[in-house]
Structures are given as structure tokens and as C-alpha cells.
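Peer 1: One letter stands for each residue in the lines below.
There are 2 protein chains.
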Amino acid sequence: MNIILLSGGSGKRLWPLSNDIRSKQFIKIFKKEDGAYESMVQRVYRQIKETDENAKVTVATSKAQISAIHNQLGEAVCISPEPCRRDTFPAMALAAAHLTDIQGIDPGESVVVCPVDPYVEKDYFEALKELSIQAEKGEANLVLLGMAPTYPSEKYGYIIPEKADKITFVKTFQEKPTAEKAKDYIKQGALWNGGVFACKLEYLLRKAHELMDFTDYQDLYEKYDAMTKISFDYAVVEKEPRIQVMRFAGQWKDIGTWNTMTEAMEEAIVGKGMMDETCKDVHIINEMDVPILAMGVQNVVISASPEGIFVADKEQSSYMKPFVDQMDGQVMFAEKSWGSYRVVDVETGSMTIKVTLHAGHSMNYHSHKNRDEIWTVISGSGRTIVDGMEQKVGPGDVVTMSAGCRHTVIAETELKLIEVQIGEDISVQDKEKHELE
Amino acid sequence: MNIILLSGGSGKRLWPLSNDIRSKQFIKIFKKEDGAYESMVQRVYRQIKETDENAKVTVATSKAQISAIHNQLGEAVCISPEPCRRDTFPAMALAAAHLTDIQGIDPGESVVVCPVDPYVEKDYFEALKELSIQAEKGEANLVLLGMAPTYPSEKYGYIIPEKADKITFVKTFQEKPTAEKAKDYIKQGALWNGGVFACKLEYLLRKAHELMDFTDYQDLYEKYDAMTKISFDYAVVEKEPRIQVMRFAGQWKDIGTWNTMTEAMEEAIVGKGMMDETCKDVHIINEMDVPILAMGVQNVVISASPEGIFVADKEQSSYMKPFVDQMDGQVMFAEKSWGSYRVVDVETGSMTIKVTLHAGHSMNYHSHKNRDEIWTVISGSGRTIVDGMEQKVGPGDVVTMSAGCRHTVIAETELKLIEVQIGEDISVQDKEKHELE
Chain B
822 MNIILLSGGS GKRLWPLSND IRSKQFIKIF KKEDGAYESM VQRVYRQIKE TDENAKVTVA
882 TSKAQISAIH NQLGEAVCIS PEPCRRDTFP AMALAAAHLT DIQGIDPGES VVVCPVDPYV
942 EKDYFEALKE LSIQAEKGEA NLVLLGMAPT YPSEKYGYII PEKADKITFV KTFQEKPTAE
1002 KAKDYIKQGA LWNGGVFACK LEYLLRKAHE LMDFTDYQDL YEKYDAMTKI SFDYAVVEKE
1062 PRIQVMRFAG QWKDIGTWNT MTEAMEEAIV GKGMMDETCK DVHIINEMDV PILAMGVQNV
1122 VISASPEGIF VADKEQSSYM KPFVDQMDGQ VMFAEKSWGS YRVVDVETGS MTIKVTLHAG
1182 HSMNYHSHKN RDEIWTVISG SGRTIVDGME QKVGPGDVVT MSAGCRHTVI AETELKLIEV
1242 QIGEDISVQD KEKHELE
Chain U
822 MNIILLSGGS GKRLWPLSND IRSKQFIKIF KKEDGAYESM VQRVYRQIKE TDENAKVTVA
882 TSKAQISAIH NQLGEAVCIS PEPCRRDTFP AMALAAAHLT DIQGIDPGES VVVCPVDPYV
942 EKDYFEALKE LSIQAEKGEA NLVLLGMAPT YPSEKYGYII PEKADKITFV KTFQEKPTAE
1002 KAKDYIKQGA LWNGGVFACK LEYLLRKAHE LMDFTDYQDL YEKYDAMTKI SFDYAVVEKE
1062 PRIQVMRFAG QWKDIGTWNT MTEAMEEAIV GKGMMDETCK DVHIINEMDV PILAMGVQNV
1122 VISASPEGIF VADKEQSSYM KPFVDQMDGQ VMFAEKSWGS YRVVDVETGS MTIKVTLHAG
1182 HSMNYHSHKN RDEIWTVISG SGRTIVDGME QKVGPGDVVT MSAGCRHTVI AETELKLIEV
1242 QIGEDISVQD KEKHELE
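Residue numbers (my numbering), protein chains in the order written: chain B, 822 to 1258; chain U, 822 to 1258.
These are computed hints drawn from the structure, not numbers from a lab. For clarity, every value in this text was computed on a predicted model and none was experimentally measured. Among the hints, erroneous ones may be present.
Treat identical chains as interchangeable: a pair holds within one or across any two.
30 angstroms max Cα-Cα, derived DSSO-like pairs, lysine-lysine [claimed, not checked]:
(1) 849 with 1093
(2) 1190 with 1213
(3) 943 with 997
(4) 1254 with 1157
(5) 1252 with 1237
(6) 1021 with 992
(7) 1252 with 1044
(8) 1093 with 1157
(9) 1050 with 1142
(10) 1008 with 1237
Turn these sequences into a full structure, and let the hints steer you where they fit.
Peer 2: Next up, the structure:
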């Protein structure tokens, strides 16, 4: 099975765990059988491999997410990077071209396309395999997966099938309806459109060439920012007469808000937390070092990270976006290709961060115009290079870098350090990359 | 007016703002007219001075609180320090001896004794003045302030007066009753016993000499840890036949739990916080740098500090103590005579703290056996002394101290620094003080 996983943009609906640079699919919140936690993207990737160990998985994502995906899925995972955001149709076309032109997959093969964020079980991936086989048959140009509705939701588009068979042609599509209309659709046997489909690669590529002017993957990649933003539904699905739908009645939860996220959690408490016996239906998700204590509250989600603290009625939590938009955007935690950092103190004229580098990784060789920096290594071993001068470092070693001075650190083992930044105008923009001499 | 303020022990019922070393009376939570915040102890001290600018105030407190009291009330405030905790009777006796033997106050004068933590207005202090004058008259040996009950509380002892007059003799005392019994007492005109009284200093001292073997203040101070723990109520009040009570019907709130604390707060949000319009009767008290967002919750208190995060139904919050007792006691924030510190990162083998020194203050000259330390000054200016070597420091300067090395920092202006501690066995106990050479 060939599968394109669409790993979407940053989401603010799971603040404070997701933010402008960390998307919800990277939050490690789902408990595995071995007791460790995994993120949405790790869970889905693991489930695909468990269902079909030969599955060829390609993650279609923005450049900003590449580091996080490699950190979570390993260096070997295949990524089709989008140079910029251009909605789903150009993204799928680029990924399809990546499969044929870069990975050398036969355009006659089928491909399954699905978002990375639904919370699903093994039967979903078995269904994707069937979907792939059905697309290969060529009875239709597109085969959608239609989720059997569990309530008259206003959040989804609806697919009205011709017959009640498991696989049948699509009669019509309906936009997100009112609950009233949704009830009516469901009576007609309608299914939710979850944006999951299979088709032959050559079909996707043909549609791409019809609508966009490019020769091959490399050409499309280079022209990508000139492409029109357009969704796959609008560009292809709504205009295609030969579409089948396959009915899927297994678990499919769209994890976009704290309400649905907590429904999918195995445990009430992730991280340091306690609750008294009068708490009911409370979830605590705590990424801080200090404990959360909850008493006497019901139907509430409590989440804390270095970005902030969120306490909400679960239903109400889905309306958080306008409030999160108001917050000033100082990013307090970030994952990078080389590791991660966390802001531990902010003062006028200084900022202190904790930096963790993965073994074998290093920062870019870089300099800052407007700040001095002081590193104190707290664990691990490695080497620093400052203006070309190399030095071995370990716990307790201090390296000072004046503004303008070029520097990097190369971790031999996992290496942690405290970085104190001193300057009147500290900003993440103040960074110039250099080649190592 | 002579007044002894009893500044009690550490309280866990206002966690995470109070803890083993920071008591509730030092939390800056009450908004003044000028917009700044003050603590219970600052509020009470200010109110006393506004009522009687010549009032002689003595704060009776444990050694551990001396720094916090000087930080909040200034260096001039008179403190009677208790060498160790020995309940209220020895504490009052020691304070009374301090007034006569150290401050030279005539034992014939009266003194008012009251706890530092009720939330009261100016009329309360006017009542204390009257209480003091009444005690001076000598009609009774003790004059209690009796609070007019606002509901049949089970939390307080009750005073049954002989008559309904404002000032009258006490008929009997009643222990904390059931609500049923409390109703009955209130029908009889009973008043709450808030532990507030006035008497002549010589009366307090006579009782002290009757029950404890000491000569003067210095002698009592030195023998203090050999004294029996006994409460003033048990040792004196219950045995004294000549007690008057003065009725007080003004505001008097006992701020011992989050429930009563939030009732006394002028504002719903102290610190960085936001709530949506579906929140009702919610209080946010946030000492962290990051924001708290509350949505759709009612009758809830949310409090965050470097010690932890508390989310509770207000009623339920009064049962927090057993949960707080379970938490491991790493103190994450502390006020010292020279300033304050906050733990910003804890790792195996290292700890990072932010230290703030007041202008003109310095740490003790000290050393550690089991850890190296590295200071990076982030703001202000001062001098460090390391093994006798003095050095001027300012922002960006780094000072490294190996284990065993003696060190201090003297702040000229307010000075802030990041201290990284490196060692396998980091502990607050690992500290040896030295004389400056």
C-alpha cells in the first residue's frame, strides 16, 4: 500500500500544548502498551506499519514540521516537503509527483491519502488497505472512505451514496449541514466525509497537469509558491462523476479540540497531577515539572505547558481560539532538528533558555548582532566551536560568546546546557547562519 | 496603643502560594488604592498606622519569618522572634517581656494582642483602640473582642456574654459547636472568639511568671525551647474569672482558605489571566510569567506559582491539606533577607536557579561540599568575593566556583543572576557559612 499522510498546519485549539510552531500531531499524549507515550503522528505511523509492514508512507507537510517529524518517526521516514502552504490540491499533487519522480513508484499503482490526526484503531487501516485495492480495480476514478455517522454532526460534509452496499457509487455531496438537515441525510444513509480517499497515482497526476503548469516534481517544487490555493474537494472531488464510497463503521475520532482529545486519552492524568474523589470526568495534561492539584471540579480539562495554563469546561474549550490569538506570541518551547529548547526566564535585557541537543547533532554555526550569550553545560559531552576555535566541553564548563561571534555546539552524547542571553534587543530574528570554516 | 501582632506558622491551605517556608500572610494579593498589591501583614500594619500613627507594633513570629517581615514592613519594624514554636502562651509571654525589657514600655500600660491574618477594615482598628483603653481601666483582667456572628459557624469558639451591652462580663466560653448548637448560642447573644484581646502588660507577665520559670526577656529567650507548648486560651483565659468582652459588628474575615481569601479579593484576576464570559465567580491568582486561560467554569479558584497549579471548587478547596502533604517538598521559591530565589530547572546532577538580591544586600559568605556553581549576572551591578578575591560584576559577567570554594555576592543596585549548580548530591543542607576574611 502507498499512503500519503497529510500532516497539517499549526493548531491553536489545543493550546497550551500546541502553538504557532508546535502542532497538535506532535504532542505525546497517547499511552502505548509499554507505558510510554506517543503522539498522533507516531501512533498513526505505528498502526500503518503494524497493518502492512511493507506500506510506503510519505508524509506531506510544511518545511517547519520536518524536524519534528524526523525527531518522532526517525530519519528514514519519507517526507514530501511543501515549500509554503497552498491548500490540499497542490500539496497532494506535489506528494504524488514525489512518489513517482523521486521514489520511482509506478503511476499505475494506487495511493491512499489521509490526514494524520484522526484517532483510529487497526480496523481503520484494514479499511485503507481495502480502499487501495478497490482503487486499483479502476471501477471509479476515486474511492472515498465514508464514516458511518454516530450523531447528526454539523462539523462534517456528508456523502449520500447511491445504494446501501458497503461499496457503492456516490449520489451527491452535501456541505456541513444544520443538525436538522444532518438527521435527514442520515435517514438517507449518508456518511461523513473525513477527507480520506484512494485513487491511482496517474489520476492524481493527470488532474494536477490539467490544473497546474509544471513538468515534474522538481519543477513543481520550484514553482510551488506561484500555485493557486485550492482544495482537493473543490478542484477534483466536486467535478468528478465517477466516485465510489466505501462505508466504514469502526472508530474514527477527529481530534481537533480538547473535548475530543480527552475522549481519546487512556488515562485521566498525563504528567504530574492529582485529583480528589469529588472530581468527575476531569483530565489533566501537564508538561510542567510542578504538580497540578484539582479538587471538586467536573467535566473539566486542565492543561499546562511552558506556554501557559488552560482550565476549561470540555464543551466550552472548543471556543478557545480568539483568546489564544490575543496572547503575545513568545514561544516558550520548541522542537528543532537538533533537539529542543525551553525558555526558563525572561527579563528586560536578558533571557535564559535550557537547550537539549540529541547525541550526534549540532546547532547551525551562527551569530547574533544584538546579544552576548553564555553557555553553561549541565550534562553530557561535546565540542563547541567559537570563531573557529574548537573546545571539548562537559558538565560545569562555561563558554562565553560576544555579539557578532560565530558559534555552535556539537553533542557527542545527549547534551544539555543553560544559555543566558544578554542584550537590549533580544529576538529570534537576530540570527545569522554561517558556513563552518 | 501597644499592639502585638501574632504572625503564625506556615500554612498549606493556600498552596501553591503558601508552602513550608512562605506563609499566607506574605502573599501580595490585596490591591491598594494606588494599584499596587500588598500582603496581609502589610495591609494590617498599614491600617494600624493609619488608625494610630503612634501605635507601637511588635510582630511576634518565628525566626524563619524575620526576613520576610523586614522585606515587607521595612527594617524599622519591631520583631519579637521566637527561637522555636511553643504555642501561643509562651509566644505572648516572650513578646510581653520584649515590650517591657527591650522596648522599655511601662508594665502598667495595656497591650492589644491579635493575629495578623484577619481581613478587616478601619473600624476594627478603632475597636482595638477602645479595647486598649478599656483594659487600661482595670475593670477586668482581660478584655476580649467578640465578633458578632454572621452565620452559625462550626469553625469558631463562642463567647456567651452576661448582658447585651457593648462591653460586659463574660458568662461562659463554648468550644467549636455543631451548627445546631451554634444557632442556640447565637440566640443567647453569643459572639465569636477571634483570639483578639487586650490586658495590662503586667497581667501577662504575672501569668507568665506563675507558669514558667524565668527572670527576664533574655532568660526566657534562652530557655525558650525548654518551655511547655500551651495555648493562651488554655493557660489563662479559661481559668480567669474577671474577663470582659467588647462586641464588634464590623467586617472580620478569617482568611485561612482559598474560599475566604477570594471573598476578600478586590479583583477576579491577579497576575496574567483571562476568562471567557461563561465563567462565573472564578478567581485567578497567577504568580507565573505565562498566562492562565479559564473557560466555562463556575465557582472555581485557579492559582499557579513556581510550586504548582491548583484548580478547585471554592468550597472543596478547604480540604486540600492532605493532598499538599503528599507533594515532595522541593521548595521552588523563597524570600530571604537579602532577596529571593526561584528554581527554574531541575535535572539529575544539576539545578538552575534565578537569584535576585536587593540593593545594598549580600548573601552569607558560604561554601558547598558537593557542588560547583556558576553565576551569570543578568542585571544590576555589584561585587563578588570568591576565596577572598574581590571582583566587580555586571550583566554578562560569569563567576565560577568549585566545590569547597567560599563565595558571596554584594549587590550595589538590585542585582539578578542565574546560578547553575553542578553536582551529584545537590541539597539545601550542603551549605557552610564562613566569616569574611
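Peer 1: Each hint: holds or not?
Peer 2: Hints, one by one, checked against the model:
1. 849 with 1093: both (14 angstroms within a copy, 27 angstroms between copies)
2. 1190 with 1213: Both: 25 angstroms inside a copy, 26 angstroms across copies.
3. 943 with 997: The answer is within: 28 angstroms in one copy meets 30 angstroms, while 62 angstroms across copies does not.
4. 1254 with 1157: Close inside one copy (15 angstroms), not across copies (43 angstroms); limit 30 angstroms.
5. 1252 with 1237: both (21 angstroms within a copy, 26 angstroms between copies)
6. 1021 with 992: The answer is within: 21 angstroms in one copy meets 30 angstroms, while 96 angstroms across copies does not.
7. 1252 with 1044: within (27 angstroms within a copy, 64 angstroms between copies)
8. 1093 with 1157: both (25 angstroms within a copy, 28 angstroms between copies)
9. 1050 with 1142: within (23 angstroms within a copy, 57 angstroms between copies)
10. 1008 with 1237: Classified as neither; 59 angstroms inside a copy, 68 angstroms across copies.
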